Amino acid sequence: MVEWTDFERATIVDIFSKMQYEVVGPAALARCLIVYPWTQRYFGNFGNLYNAAAISGNPMVAKHGTTILHGLDRAVKNMDDIKSTYAELSVLHSEKLHVDPDNFKLLSDCLTIVVAAQLGNDFTGEVQAAFQKFLAVVVSSLGRQYH
Amino acid sequence: MTTLTAKDKDAVRTFWANVSGKEEDIGSDAVARMLAVYPQTKTYFSHWKDLSPSSPSARKHGITVMKGVADAVSKIDDLKGGLLTLSELHAFTLRVDPANFKIISHCLLVVLSIKFPNDFTPEVHVALDKFLAALALALAEKYR
Numbered sequence: 001m002v003e004w005t006d007f008e009r010a011t012i013v014d015i016f017s018k019m020q021y022e023v024v025g026p027a028a029l030a031r032c033l034i035v036y037p038w039t040q041r042y043f044g045n046f047g048n049l050y051n052a053a054a055i056s057g058n059p060m061v062a063k064h065g066t067t068i069l070h071g072l073d074r075a076v077k078n079m080d081d082i083k084s085t086y087a088e089l090s091v092l093h094s095e096k097l098h099v100d101p102d103n104f105k106l107l108s109d110c111l112t113i114v115v116a117a118q119l120g121n122d123f124t125g126e127v128q129a130a131f132q133k134f135l136a137v138v139v140s141s142l143g144r145q146y147h
Numbered sequence: 001m002t003t004l005t006a007k008d009k010d011a012v013r014t015f016w017a018n019v020s021g022k023e024e025d026i027g028s029d030a031v032a033r034m035l036a037v038y039p040q041t042k043t044y045f046s047h048w049k050d051l052s053p054s055s056p057s058a059r060k061h062g063i064t065v066m067k068g069v070a071d072a073v074s075k076i077d078d079l080k081g082g083l084l085t086l087s088e089l090h091a092f093t094l095r096v097d098p099a100n101f102k103i104i105s106h107c108l109l110v111v112l113s114i115k116f117p118n119d120f121t122p123e124v125h126v127a128l129d130k131f132l133a134a135l136a137l138a139l140a141e142k143y144r
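Protein chains in written order, with full-length UniProt numbering: chain A, 1 to 147; chain B, 1 to 144.
The calculated lysine to any residue pairs, modelled on SDA-like cross-linking and capped at a C-alpha distance of 25 angstroms, are:
hint : chain 1 : residue 1 : chain 2 : residue 2
1    : B       : LYS115    : A       : ALA52
2    : B       : LYS42     : A       : PHE7
3    : B       : LYS49     : A       : THR124
4    : B       : LYS130    : A       : TYR36
5    : B       : LYS102    : A       : PRO101
6    : B       : LYS67     : A       : ASN121
7    : A       : LYS105    : B       : PRO117
8    : B       : LYS102    : B       : ALA70
9    : B       : LYS102    : A       : GLY143
10   : B       : LYS115    : A       : GLU8
11   : B       : LYS9      : A       : TRP38
12   : A       : LYS105    : A       : VAL137
13   : A       : LYS133    : B       : ALA99
14   : B       : LYS115    : A       : ASP122
15   : A       : LYS63     : B       : PRO117
16   : A       : LYS133    : A       : SER84
17   : B       : LYS102    : A       : GLU126
18   : B       : LYS42     : A       : ALA129
19   : A       : LYS133    : B       : TYR44
Covered stretches of chain A (in silico footprint by chain B; criterion: 3 or more residues with CB under 8 angstroms from a CB of chain B, positions within the stretch not fixed):
hint : segment
20   : 28–35
21   : 99–113
22   : 118–130
From the derived model, a few chain A residues whose C-beta atoms are all more than 10 angstroms from chain B:
hint : residue
23   : VAL2
24   : TRP4
25   : THR5
26   : ASP6
27   : GLU8
28   : SER17
29   : GLN40
30   : MET60
31   : LYS77
32   : MET79
33   : GLU88
34   : LEU92
35   : VAL139
36   : GLY143
37   : GLN145
These are calculated hints, taken from the structure and not from any lab test. Only a predicted model underlies this, so the values are computations on that prediction, with no experimental measurement involved. We treat Cβ as the ideally placed atom computed from N, Cα and C, and that holds for glycine.
Start from the sequences, fold in the hints, and give me the full structure.
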């Protein structure tokens with residue numbers, strides 16, 4: 001089981017309580033699709049992803065980005081057992097969506113960068129460490145049911 | 001992974017104008033974050049008296065690293081040739097596992113995102129990510 005310090009728990013809860021999901025989610029997903037264009041392979045039916053401007057303005061990207069971020073809520077509320085919380089989602093990403101789990105890390109890096117821009121200097125090294133640890137646990141849990 | 005296009009190089013050079021004058025703070029912040037977020041990187045600095053992210057050694061090292069990155073921007077048209085000496089240093093003396101180049105690159109991008117939230121657009125991000133990846137490849141050139 002993952003051990004969380006009081007600082008880490010408080011930091012994660014704090015970040016997500018202040019987050020604007022409809023801003024951060026779309027920004028993170030759009031950034032991922034732009035910076036790592038091969039991730040677009042999973043969004044063939046999203047319409048126009050031809051360039052950065054199209055991706056940033058795409059309403060399906062925005063909607064999905066928000067969905068993903070709300071999915072992270074479940075981990076925030078269940079920090080002591082993220083593994084079981086995400087077991088079903090892991091099966092979904094593996095069996096139905098066929099997402100290469102390496103992609104989870106790419107999105108997580110983009111999310112870190114977007115949150116950093118939002119929080120500015122409040123996103124200290126210690127806060128970044130807590131946030132990235134949280135995302136690493138999420139990523140690991142999402143990849144757990146792959147076989 | 002991929003070659004830098006003229007557009008990439010332009011984006012990097014243009015964005016780097018923002019960085020001018022702030023290299024020391026940016027470099028130190030990036031190294032501090034690296035040590036805090038990826039504690040395994042501290043294994044390369046066992047010779048430091050103080051391994052904390054805010055130590056004078058960490059700050060000095062951040063400045064050194066950033067000088068190297070800034071130098072690479074000026075040699076963006078021939079990174080392999082321009083960084084030959086640095087590559088030999090990393091290959092034969094420092095022997096830093098190249099996986100760590102990704103780590104410091106990510107930390108650097110986080111700092112840039114914090115300092116320049118409006119200029120660090122997704123387009124600039126992808127150009128810089130490609131540039132740092134090319135830089136890492138050039139640094140690893142002499143490894144084997």
